[in-house]
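Number of protein chains: 2
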Amino acid sequence: MDRIPILQMGDLLLVTIQVDMHDQLALTLQDDLTDKIQRTSARGVLIDISALDIVDSFIGRMISTISALARIMDATTVVVGMQPAVAITLVELGLDLRGVRTALNVERGMKLLQLPAGDP
Amino acid sequence: MDRIPILQMGDLLLVTIQVDMHDQLALTLQDDLTDKIQRTSARGVLIDISALDIVDSFIGRMISTISALARIMDATTVVVGMQPAVAITLVELGLDLRGVRTALNVERGMKLLQLPAGDP
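For the protein sequence lines, the chains are A and B, in the order given. Note that the UniProt record's numbering has the first sequence beginning at 1, numbered continuously upward. Note that the UniProt record's numbering has the second sequence beginning at 1, numbered continuously upward.
Hints listed in this document are in silico derivations from the structure and should not be mistaken for laboratory results. Every residue, glycine too, gets a C-beta built ideally from N, C-alpha and C. Incorrect hints may have been included.
[Unchecked claim] Covered stretches of chain A (in silico footprint by chain B; criterion: 3 or more residues with CB under 8 Å from a CB of chain B, positions within the stretch not fixed):
| id | segment |
| --- | --- |
| 1 | 4-15 |
| 2 | 45-51 |
| 3 | 102-113 |
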């Protein structure tokens, strides 16, 4: 497992995080994603984390970084499928994912991205 | 990693295979998928295998089983994102995925599932 697949659906990109992230995997994902946003002119990035039971500050920072990268490439990032325990951990870690939009599931995330962009 | 997430998009379900499958994971996926097809009345199942560099007969059989399960629940399975090397291996293994539809990527798979069902 050396890279996380990025699926294109219209002008959205979907990333499903299923495995433990490590430095190299996170860097590769950032590279692949910025590359794909440019090639596909994607307007939105959905990051599904429903498979994650736990998160740490590394994952939290990675999501923030991806969101910031996407934003300066004019794409909006929505994190979907967060489990309740993960939400609790993120807040306890002091990672409030400022500027990152969230939705309960992929469908709601897709709906969110079809709306005109406003402030999160 | 004890289960593979199944994402719902309208009346389609999307499964992204990223990790090495083992017996228990495959069984859990079959259970989860049949359960989700029933609960969501899904008409199509997309299995993305773009992250897989290699496949063995175990994965090949799992895909065939999932497809057969979905079919008797009135859902069509499309395998998407197969890498060239994987296609070669499958044919060399004698696994021609009979009855399983394939598409080059998720978008084409979604388009295929929106067409009226015909024979693969």
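Quiz item: Looking at the structure, which of the earlier hints fail to hold?
Solution: Those not satisfied: there are none.
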